[in-house]
Structures are given as structure tokens and as C-alpha cells.
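Enquirer: Spelled out from the first residue to the last, the chains are:
Protein chains: 4
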Amino acid sequence: MPHPTFFNLPADKRNLIFEAAVEEFYEFGYAKASISRIVAKTGIAKGSFYQYFEDKKDLYKHVLEVIGRQKTEFSAAAFHDLERNDLLQMVRELFVSGIRFYRAHPKLASIAGDFAKLREPELKREITGDAAVKSNEFFIRLIERQKESGRIAPDVDAPVLADLIAFLSVYVAEHYADQALFGSEKQAMKTIDSLIWIVENGIAATNRPGR
Amino acid sequence: MPHPTFFNLPADKRNLIFEAAVEEFYEFGYAKASISRIVAKTGIAKGSFYQYFEDKKDLYKHVLEVIGRQKTEFSAAAFHDLERNDLLQMVRELFVSGIRFYRAHPKLASIAGDFAKLREPELKREITGDAAVKSNEFFIRLIERQKESGRIAPDVDAPVLADLIAFLSVYVAEHYADQALFGSEKQAMKTIDSLIWIVENGIAATNRPGR
Amino acid sequence: MPHPTFFNLPADKRNLIFEAAVEEFYEFGYAKASISRIVAKTGIAKGSFYQYFEDKKDLYKHVLEVIGRQKTEFSAAAFHDLERNDLLQMVRELFVSGIRFYRAHPKLASIAGDFAKLREPELKREITGDAAVKSNEFFIRLIERQKESGRIAPDVDAPVLADLIAFLSVYVAEHYADQALFGSEKQAMKTIDSLIWIVENGIAATNRPGR
Amino acid sequence: MPHPTFFNLPADKRNLIFEAAVEEFYEFGYAKASISRIVAKTGIAKGSFYQYFEDKKDLYKHVLEVIGRQKTEFSAAAFHDLERNDLLQMVRELFVSGIRFYRAHPKLASIAGDFAKLREPELKREITGDAAVKSNEFFIRLIERQKESGRIAPDVDAPVLADLIAFLSVYVAEHYADQALFGSEKQAMKTIDSLIWIVENGIAATNRPGR
DNA sequence: TATGAATGAGCTTTCATTCAT
DNA sequence: AATGAATGAAAGCTCATTCAT
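Residue numbers (the UniProt record's numbering), protein chains in the order written: chain W, 1 to 211; chain S, 1 to 211; chain Z, 1 to 211; chain D, 1 to 211.
It is possible that some hints are incorrect.
Since the list can't tell identical chains apart, any single copy or any two copies may satisfy a pair.
No more than 25 Å apart at the CA atoms, straight line, and that leaves these computed lysine to any residue pairs for SDA-like [claimed, not checked]:
1. LYS107 - HIS62
2. LYS61 - ARG14
3. LYS107 - GLU122
4. LYS61 - LEU123
5. LYS186 - VAL133
6. LYS186 - ILE140
7. LYS186 - SER97
8. LYS186 - ASP155
9. LYS57 - ASP114
10. LYS57 - ARG37
11. LYS190 - VAL133
12. LYS117 - TYR171
13. LYS134 - VAL170
14. LYS56 - LYS107
15. LYS190 - ALA132
16. LYS134 - ASP178
17. LYS134 - HIS62
18. LYS107 - VAL96
19. LYS56 - ALA45
20. LYS117 - ARG100
21. LYS41 - LYS107
22. LYS134 - ARG119
23. LYS124 - PHE7
24. LYS134 - ASN85
25. LYS117 - ILE35
These aren't lab readings, by the way, just hints derived from the structure by calculation.
The structure displayed is predicted, hence computed values, not measured ones.
All chains should be built: construct the whole structure from the sequences, respecting the hints.
Expert: Quick look at the structure:
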């Protein structure tokens with residue numbers, strides 16, 4: 001976590017540093033990001049940086065935390081109006097808001113995507129904490145409930161499906177973002193619908209082929 | 001491509017270098033891998049390294065090429081006995097042989113996984129060429145054929161399904177090391193079956209619900 | 001240009017570095033000069049060097065700039081008392097102050113001489129800028145004026161003469177410096193006078209042989 | 001001197017090596033020329049190079065010797081038809097044949113020019129030996145003779161005039177590539193005439209102003 | 001709290017030369 | 001005589017971090 005000195009900074013300066021960090025992580029990734037470049041870009045003193053942050057990792061964690069919060073805010077609005085308990089509707093919204101977030105903050109989304117792919121398990125655990133686990137559990141409960149209500153086939157493997165959905169929400173956003181960015185949004189939505197439809201159909205309780 | 005010097009090396013030394021490179025890329029990833037460490041580990045002279053390889057990128061490309069070849073050999077056997085044209089069987093075998101490869105060569109698989117996540121589009125293109133595109137096209141053709149033969153519902157969006165399969169491959173690859181999903185052989189097969197089953201059911205031509 | 005860091009250094013240290021750079025460029029020339037040797041000689045950290053200077057070129061440019069300033073100061077005094085418009089008097093002073101500078105600062109003069117002979121047109125342009133052009137134009141104007149006033153023959157090729165004078169001022173200094181250094185100054189001055197006299201006579205407007 | 005092995009080489013190979021060396025010295029100068037690049041360019045083995053030449057210096061000396069011989073051949077023809085003892089005619093022919101040589105072999109001429117500027121007194125002495133001194137003495141004798149025959153004013157300082165001629169040779173050589181001075185054949189001749197004419201006039205025995 | 005100079009290990013890469021085959 | 005792999009010192013430069021002011 002950044003030192004209190006950082007949060008006591010005037011908003012201007014704090015934002016300046018944050019933006020520079022975003023630029024840096026966006027362009028070079030975590031491993032190759034350079035503190036030297038960041039302080040050069042912002043004009044703050046090298047020493048000051050270490051008053052604000054423990055080290056590079058600390059800065060990275062902060063950036064990701066902010067991104068996480070923004071992402072949550074982004075999807076929260078969408079989730080608000082959803083009929084609770086409708087998994088697919090929720091997944092759809094997850095994909096759509098993923099793409100929307102990517103369109104609104106491409107650099108933040110890209111950094112988040114890189115993080116998801118990061119090769120430093122310890123760091124990942126430090127940053128995500130049990131958020132991923134919590135989210136996963138939420139989806140699992142949702143799936144189980146829909147099995148009970150007969151909307152999802154009882155032999156669907158809930159943990160695998162929950163995990164898959166989380167995974168897809170990241171990769172789908174990244175994969176279709178350009179399409180959504182440069183093509184029509186409509187086309188992107190149609191694509192998502194096709195994808196969802198396969199999954200929906202795949203897990204539906206009705207008329208399932210015997211296994 | 002490595003210089004001929006490298007291939008003329010006695011197998012012992014060549015392997016020593018290759019193993020050291022694998023260790024290094026495995027532990028630090030491409031960006032942070034250090035030639036200095038590799039030569040220190042192997043005991044070869046710094047200058048000698050540059051007799052064998054153009055530069056770090058050249059070594060990396062070589063390692064990936066070898067991994068690619070090994071992977072291909074690995075799955076080739078599995079694909080041999082397959083009924084051609086059965087999409088799902090093929091995908092299933094893809095996943096299974098992926099896991100087997102990971103079990104046999106965890107470090108190589110890990111390096112390959114990192115490469116997939118690499119943030120250097122140009123380098124990726126250099127190495128993979130248009131393999132990804134080719135593979136995508138192959139799957140699309142396969143899907144179309146299975147639609148004609150009535151095994152896949154005609155209203156399935158072929159490119160989207162091909163994408164989904166690619167996503168799933170990545171998903172499986174990224175979770176190789178996940179104990180919960182792929183810990184035991186039994187667990188691994190169960191997870192793969194769950195994934196395949198969702199897709200199979202999602203695209204089946206029989207008894208489909210209206211959209 | 002060196003970074004402000006360098007100019008903020010205590011004079012002692014700054015001079016130490018400057019002297020070491022002069023020694024290095026004097027002994028090895030630009031191409032073979034080694035930053036590593038300079039930092040070793042001065043005892044400063046490698047990293048510190050790069051706090052002071054952008055790179056080797058930056059250091060070289062700085063050294064040459066200082067030399068240029070010192071040279072200018074050197075000749076400025078001499079030029080002060082000159083009757084404006086007397087070309088030969090000026091040329092004589094140019095040669096003499098060239099030799100004096102060489103005697104006072106042989107290493108600096110040697111570095112400047114090397115620079116004049118440097119095989120890197122772009123770098124040369126960067127450093128001299130249009131100073132050479134300006135100086136050339138000044139001499140051309142002077143020559144033209146003396147043609148009008150009848151002291152120089154009208155058929156003298158002004159640009160060639162101006163160029164030649166600039167060239168000679170460097171080479172004469174280098175050539176006669178040793179003489180001036182180890183022989184008597186008087187002898188050196190006599191030599192210069194002989195040289196000037198040939199040129200003077202060669203371009204005089206009076207009693208010229210037909211061509 | 002190159003080892004006998006070099007001269008025993010088939011002419012093809014020998015020329016190949018020579019041309020590559022010329023290219024290298026032309027492009028990078030002596031200090032930065034790289035044996036590694038030369039052997040790469042020619043395809044000969046690194047070890048073979050050291051069978052032919054002692055080291056880089058040895059190769060350089062050889063190249064310069066060949067250039068020297070070619071230059072001599074070049075001017076020899078021109079000097080053949082000259083009235084012996086006419087200093088200015090000789091100097092003029094020196095300049096003209098210099099330019100012709102540059103036109104015919106720009107790279108060789110450029111290497112020779114670089115050599116003249118080289119900062120390695122010992123190497124220079126090794127290569128030129130006392131040629132410069134000999135040439136100087138030759139000109140002094142010529143001048144003295146022309147003084148006696150009344151074509152040069154008796155009060156001309158012979159050693160200084162010899163020096164001036166040497167300076168001018170360097171001046172001409174250094175400006176070969178200068179479009180403004182030596183661009184067209186006509187321009188070249190005009191510039192040379194201007195230079196000669198200044199000297200000629202400067203040292204003429206007739207109608208001299210008192211000193 | 002802010003500063004920014006100092007640090008030196010570290011990086012990738014090139015070099016001329018040697019030497020066993 | 002020819003080879004070309006081996007060598008390791010040296011190059012220029014960047015890095016995250018410390019610390020005295």
C-alpha cells in the first residue's frame with residue numbers, strides 16, 4: 001500500500017503520478033516498467049517517489065487496485081437492474097461491461113489484462129487477495145440455485161462453469177474490444193450473443209442429450 | 001535462428017545450454033531473463049554465447065521452436081487415431097494432450113504459456129507467423145462441414161465457435177497448474193469433459209430450444 | 001549539453017572530471033575514449049557519470065565547447081588592438097594566437113585539432129553549428145572590401161582565400177607548435193612572417209605579373 | 001607486413017580481402033574498423049585472417065602501402081612530361097593528379113586522407129617512414145635551384161615555402177569532396193589555379209615590393 | 001516532507017586474438 | 001595452410017534504491 005504521504009498529496013500531483021504510472025505499465029508491462037522513467041515523466045524527485053511508495057511493486061499494486069475499483073463501479077451500474085439469479089443475463093452483462101470498460105479505458109483494461117497473465121503467483125495473490133475466490137463462490141452459489149430451479153442441468157460442473165465465466169469475461173473483452181472499437185458496437189453485441197447462446201444452450205436443463 | 005555453431009556443439013554442451021535457457025525463461029520470463037546468468041550457470045564464456053545465438057531473442061525463439069516441435073510430436077500421436085472431422089473429439093484430444101505435455105514437461109509448458117501472454121506483438125508474429133489464423137480457419141472449415149452433415153446446428157456462428165474453442169484452449173493451458181481443476185488424472189478428465197460437454201450440448205443440432 | 005547536475009558540482013569535482021575527460025580524449029581520441037576509464041580515473045561512480053552527461057557525445061561536446069570558449073578568449077585580446085580591415089594583420093594574429101594557445105594548452109589544442117579532422121560530419125555540424133560558415137563569410141566580406149580599397153588584387157578568388165586562411169590557421173598552429181614549444185618563440189614568429197609575406201605578396205594588387 | 005601466406009593466396013581471394021578491408025576502413029576509419037566485420041564480409045575464417053596478417057595494424061599498413069603505390073603510379077604519368085625544375089608546374093600537377101586520383105578511387109583517397117589525420121604518431125612514422133621529410137627536402141632543393149636561376153625571389157624562405165606547399169596539398173586533399181571547390185572539372189581547375197596563382201605571385205622574383 | 005545526487009551491480013553486446021583440430 | 005570455436009575483457013548504458021541535506 002502507498003504510504004500516507006501519497007494520499008496527503010494535492011490531487012493534481014497525485015493524479016499526475018498515477019497517470020504516469022498507468023502510461024508506463026501500459027507501454028512496458030510490469031517487468032520492464034521503469035521508476036526512473038516515471039519520475040522523469042512527472043518531474044517529481046526520485047526520492048519523493050520512495051516517500052510515496054515502498055517500491056515498484058507497491059505502485060503496481062496501487063494502480064491495479066484503482067483499476068479494480070473503477071471496473072467494479074463500471075459493472076455495478078449494469079448489475080443493478082438485473083433480475084437477480086439469472087446467470088446468463090449476468091454473464092452477458094459481464095462481457096458487455098468488460099467491453100465497455102475496455103472502450104472507455106483501454107489502457108487500464110490492458111494493464112488489468114496483463115496482470116491476469118502475470119507470471120508472479122505470489123504477487124497476484126497479494127493483489128487480488130480473496131476477491132477472486134469470493135467472486136467465484138458467488139457464481140457457484142448462483143449456478144447451484146439455478147440448477148435447483150431447473151434452469152441449468154443438474155450435471156453441470158458448477159466450479160468449472162464459474163471459473164470459465166470469470167476467465168471468459170477477461171478474454172472476451174480483450175478479443176472483441178478492437179472489433180467493438182473500430183467496428184460497430186452492434187456487431188460486437190451480436191458476437192457476444194452468439195457466444196452466450198452456445199453456453200446457454202450448452203448448460204440448459206431442457207432437452208439435453210443423454211451423456 | 002541459432003548459428004550453425006550451436007548445432008555443431010557436442011550434444012552434452014548443447015543440452016546444457018538449452019536446459020539453462022529453459023530454467024532461465026521459466027524462472028524469469030523473457031523480459032527479465034539474463035544472458036549473464038545463463039552463461040554463468042553453464043560456465044560457457046560470454047563471447048561464446050554470441051557465437052551460438054544472435055541475441056537473447058534468437059535464443060528465445062529457438063527455445064520456443066523446440067517446445068513447439070515437442071508439443072506437436074506429443075499431440076500428433078493422439079490425433080492419429082481420431083476420426084477425422086469430429087470437432088469435439090479433436091478439441092478434447094487437444095486439451096488432453098496439452099495436459100499430458102504439461103505433466104511431462106511442466107517448465108516447457110509454462111514457457112509456452114508465458115509466450116502466449118507476451119506483450120510484444122512483433123516478436124509474437126515473428127515466432128508464430130500466421131499459425132493462429134491458420135488454426136482458426138481450419139476450425140471454421142471443420143465446423144461448417146459438421147453443420148452440413150447435421151452434427152452441428154445450422155444457426156451456430158462458426159467463427160464465434162472457433163473463437164470459443166481457442167478461448168477454452170487458453171483456459172485449459174492457463175490452469176494446468178491448478179490443483180483443483182487438473183490435480184489428479186481423474187480430476188483433469190472430469191474438468192475437460194465438463195467443458196467439452198457444455199460446448200457439445202450448446203451446439204448440438206438435436207432438440208434445440210428456439211432462440 | 002551536460003545536465004545541470006554537472007554544473008552544480010563543487011568546482012573541485014567538476015574540474016577533476018573535466019581534466020580526466022581532456023586526458024582521455026587527448027590520449028585516445030573521440031572514437032576510442034572510454035567512459036569506463038574516465039570514471040575509474042576520477043573515482044566517481046559509473047552511474048554518476050550518466051547523471052552529469054547524456055552520453056559520451058555529450059561529454060565530448062562539452063569539452064569542445066569549453067575549448068572553443070577558451071580559444072576565443074585567447075584570440076579576442078589579440079584582435080582587440082587590431083586595425084579593423086587589415087586582413088593580413090588579422091591572419092597573422094590568427095596564426096600567432098593559434099600557436100600561443102597550443103603552447104598554453106597543448107592538450108586542448110590537440111583535441112580541437114582532432115575534432116577538425118573528425119570523420120563524423122553529423123557530429124561536427126552539431127558542435128560547430130554555423131560558426132564555421134559565419135567566420136567564412138566574415139573573411140570573404142573583409143577580402144572583398146580590401147579588393148575595393150585596392151589592397152588586394154581584384155582577381156583573387158575570395159571564397160578560396162577565406163577558406164584557405166581558416167584551414168591554415170589550424171594547420172600552421174599544429175605544425176609550428178613544437179618549434180615554438182622547444183625552439184625560440186622568436187624563430188616561430190619569423191617563420192610565420194615568412195609565410196604571411198608570401199601570401200601577402202601573392203595577393204597584393206601592386207605590380208602583379210600578367211596572368 | 002602481411003605474412004607470405006597472404007601473397008601466396010589466389011588473386012581472387014586476395015582481392016576479395018583487400019576490397020573488404022578498403023570498404024571497412026573507408027566506412028569506419030582505422031580506430032573503429034572491425035576485423036570481425038571484415039572476415040564476416042569476406043567469408044574467410046577468423047583464424048585465416050591471422051595467418052595472413054599480424055593484426056589490424058598490419059592490414060592497415062598493407063592497405064595504405066597499396067594506396068601509396070597506386071597514387072604514385074597515377075601521378076608518375078603526369079610528372080613524366082613536366083619540365084623538370086618548374087616548381088609551380090609540379091605543384092599544380094600534384095594537385096591535379098590528386099583530384100584525378102580521388103575521382104578514380106574515392107574510397108582509397110578517403111582512406112589516405114584519414115590516415116593523414118590519424119592520431120597515432122608511432123603508426124604514422126612506421127608507415128610513412130621519412131617520406132615526408134624526403135619530400136620536404138626535395139622541394140627545398142628545387143626551390144633553392146629556382147632561386148639561383150632567378151625564377152624565385154632570393155628572399156623567399158625555402159623551408160617555409162616547402163611547408164606551405166605541403167599545407168596546400170593537405171588542403172586540396174581535404175576538400176576533394178567539396179562540391180563548391182571541386183565539383184566540376186572546370187571548378188576544380190579554377191580553384192587550383194587560384195591557389196597556385198597566389199603562391200606564384202607571392203614568390204615571383206620580378207617587381208617585388210620591398211619588405 | 002521533499003529533494004535529487006550518488007551508487008554500483010547489472011544489463012546486452014562487440015572486440016581482437018588464440019588455439020586445438 | 002586453413003579453420004572456426006573459444007575466450008573474457010571491455011564497451012556504453014540503465015536500473016532500483018539510498019541517503020544526506
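Enquirer: State for each hint whether it applies.
Expert: Okay, the hints, checked on the actual structure:
no., hint, verdict
1, LYS107 - HIS62, "within (15 Å within a copy, 31 Å between copies)"
2, LYS61 - ARG14, "within (15 Å within a copy, 38 Å between copies)"
3, LYS107 - GLU122, "both (24 Å within a copy, 18 Å between copies)"
4, LYS61 - LEU123, "within (9 Å within a copy, 27 Å between copies)"
5, LYS186 - VAL133, "between (33 Å within a copy, 23 Å between copies)"
6, LYS186 - ILE140, "between (30 Å within a copy, 21 Å between copies)"
7, LYS186 - SER97, "within (14 Å within a copy, 36 Å between copies)"
8, LYS186 - ASP155, "between (34 Å within a copy, 17 Å between copies)"
9, LYS57 - ASP114, "both (15 Å within a copy, 20 Å between copies)"
10, LYS57 - ARG37, "both (15 Å within a copy, 21 Å between copies)"
11, LYS190 - VAL133, "between (30 Å within a copy, 21 Å between copies)"
12, LYS117 - TYR171, "both (10 Å within a copy, 11 Å between copies)"
13, LYS134 - VAL170, "both (17 Å within a copy, 23 Å between copies)"
14, LYS56 - LYS107, "within (19 Å within a copy, 27 Å between copies)"
15, LYS190 - ALA132, "between (27 Å within a copy, 23 Å between copies)"
16, LYS134 - ASP178, "between (29 Å within a copy, 17 Å between copies)"
17, LYS134 - HIS62, "within (20 Å within a copy, 40 Å between copies)"
18, LYS107 - VAL96, "within (17 Å within a copy, 35 Å between copies)"
19, LYS56 - ALA45, "both (15 Å within a copy, 24 Å between copies)"
20, LYS117 - ARG100, "both (21 Å within a copy, 22 Å between copies)"
21, LYS41 - LYS107, "within (17 Å within a copy, 38 Å between copies)"
22, LYS134 - ARG119, "within (21 Å within a copy, 28 Å between copies)"
23, LYS124 - PHE7, "within (24 Å within a copy, 39 Å between copies)"
24, LYS134 - ASN85, "within (17 Å within a copy, 40 Å between copies)"
25, LYS117 - ILE35, "both (21 Å within a copy, 23 Å between copies)"
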